[in-house]
Amino acid sequence: GAGVSQSPRYKVAKRGQDVALRCDPISGHVSLFWYQQALGQGPEFLTYFQNEAQLDKSGLPSDRFFAERPEGSVSTLKIQRTQQEDSAVYLCASSGRQRGVQETQYFGPGTRLLVL
Amino acid sequence: ILNVEQSPQSLHVQEGDSTNFTCSFPSSNFYALHWYRWETAKSPEALFVMTLNGDEKKKGRISATLNTKEGYSYLYIKGSQPEDSATYLCASHPDVTGGGNKLTFGTGTQLKVEL
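Each protein sequence line maps, in turn, to chains A and B. FYI, this note's numbering numbers position 111 of the first sequence as 111, with every residue one higher than the one before it. FYI, this note's numbering numbers position 79 of the second sequence as 79, with every residue one higher than the one before it.
To be clear, the hints were calculated from the coordinates, so they are not data collected in a lab. A virtual CB, placed ideally from N, CA and C, is assigned to each residue, including glycine. You may find that some hints are simply not true.
Below, a list of computed lysine-lysine pairs in the DSSO-like style, where the Cα atoms sit at most 30 Å apart [to be verified]:
no., chain 1, residue 1, chain 2, residue 2
1, A, K11, A, K78
2, B, K42, B, K58
3, B, K69, B, K58
4, B, K42, A, K57
5, A, K11, B, K112
6, B, K59, B, K69
7, A, K14, B, K42
8, B, K112, B, K58
9, A, K11, B, K42
10, B, K57, B, K112
11, B, K42, B, K78
12, A, K57, A, K14
13, A, K78, B, K42
14, B, K78, B, K58
15, B, K42, B, K69
Facing chain A, from chain B, some residues (calculated, C-beta under 10 Å) [stated by the list, open to error]:
no., residue
16, I62
17, T104
18, G108
In silico negatives: residues of chain A with every beta carbon more than 10 Å from chain B [claimed, not checked]:
no., residue
19, D18
20, R22
21, S27
22, Y48
23, E85
Starting from the given sequences, assemble the full structure and let the hints guide the process.
Okay, here's the thing in structure tokens:
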């Protein structure tokens, strides 16, 4: 079946521009996660949804970052007034169970964002 | 150990060599450990989810062990092939009450298998 998809795959933005990154999770998956991977680092948690509810947004680095999942399926990560330090790969993952700590998180290919 | 740490950072081996890498994680508040393989321009691929101390899992030529008391996991690749070239990431999953469902990743081990 189809895996997690993300779009765009690559995005170049000018500093100060707003960007929106899309994630299509595996159909029927309840949980959705966003991670940010800066160059030379491992992925770092940004936020977590269970259906349409955003249960944890402790990893969002500033109030310029906003995520939503209005119908409990597709999610959008929005970054306002982008800065150079926002340049990173943004990964989306989904998993099936509501509190599946042992459940595998299935990742998309990521969106590589470059802010000039 | 406060964070998830992986070693070595990178590794070059010859085709046919067996190799292994280490993941260290906080042993307190532990719930699960995940291993992923990430090839360039592709999605990270889940290899294993491990929870029990002493657990050992195998998938083809790749296997992993887990020691939750001392906070480490080893990933082994037997008879490395060029298609094994990738970055191998481990991620710790803390206790549900303490950390929710988020994964804490190491920085990865980059493996290059040469002919």
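Hint-by-hint comparison with the structure:
1. Our distance criterion of 30 Å between C-alpha atoms is met by A/K11 and A/K78, whose separation comes to about 13 Å.
2. The suggested pairing of B/K42 with B/K58 holds, with an alpha-carbon distance near 22 Å, which does not exceed 30 Å.
3. Of the supplied pair hints, the one linking B/K69 and B/K58 holds, its CA atoms being roughly 21 Å apart against a limit of 30 Å.
4. Annotation: proposed proximity of B/K42 to A/K57 holds, straight-line Cα distance about 26 Å (limit 30 Å).
5. In summary, the hint linking A/K11 to B/K112 is supported, as the alpha carbons are separated by about 28 Å, within the 30 Å threshold.
6. A hinted pair counts as satisfied when its Cα atoms are at most 30 Å apart, and B/K59 with B/K69 qualifies at roughly 24 Å.
7. Proximity of A/K14 to B/K42 is assessed by CA-CA distance (about 26 Å); at most 30 Å being required, the pair is judged to hold.
8. At roughly 21 Å between alpha-carbon atoms, B/K112 and B/K58 fall within 30 Å of each other, so this suggested pair holds.
9. Between A/K11 and B/K42, the direct Cα distance comes to roughly 17 Å. Compliance with the 30 Å bound is thereby established for this hinted pair.
10. For the hint pairing B/K57 with B/K112, the CA-to-CA distance comes to about 23 Å; that is within 30 Å, so the pair holds.
11. Taking the CA atoms of B/K42 and B/K78, the gap is about 23 Å. The hint holds against a cut of 30 Å.
12. The suggested pairing of A/K57 with A/K14 holds, with an alpha-carbon distance near 26 Å, which does not exceed 30 Å.
13. Distance hint between A/K78 and B/K42 is fulfilled; the C-alpha atoms sit about 23 Å from each other, no more than 30 Å.
14. The hinted pair formed by B/K78 and B/K58 meets the criterion: a straight-line CA distance of about 11 Å does not exceed 30 Å.
15. Taking the CA atoms of B/K42 and B/K69, the gap is near 34 Å; set against the 30 Å cutoff, the hint is violated.
16. For the restraint placing B/I62 at the interface with chain A, the shortest Cβ-Cβ distance is roughly 15 Å, beyond the 10 Å limit, so the hint is violated.
17. This hint holds: B/T104 has a C-beta 7 Å from the nearest C-beta of chain A, less than the 10 Å allowed.
18. A cut of 10 Å between beta carbons decides the hint on B/G108: the least distance to chain A is about 6 Å, and the hint holds.
19. For A/D18, the non-interface assignment is confirmed: its Cβ lies about 26 Å from the closest Cβ of chain B, beyond the 10 Å cut-off.
20. Every CB of chain B is more than 10 Å from the CB of A/R22 (nearest about 15 Å), matching its label as outside the interface.
21. For A/S27, the requirement that its beta carbon stay farther than 10 Å from each beta carbon of chain B is met, with the minimum near 16 Å.
22. Look at A/Y48: its CB is around 6 Å from the nearest CB on chain B, not clear of 10 Å, so calling it non-interface is violated.
23. The Cβ of A/E85 sits about 18 Å from the closest Cβ of chain B, beyond the 10 Å cut-off, so the non-interface label holds.
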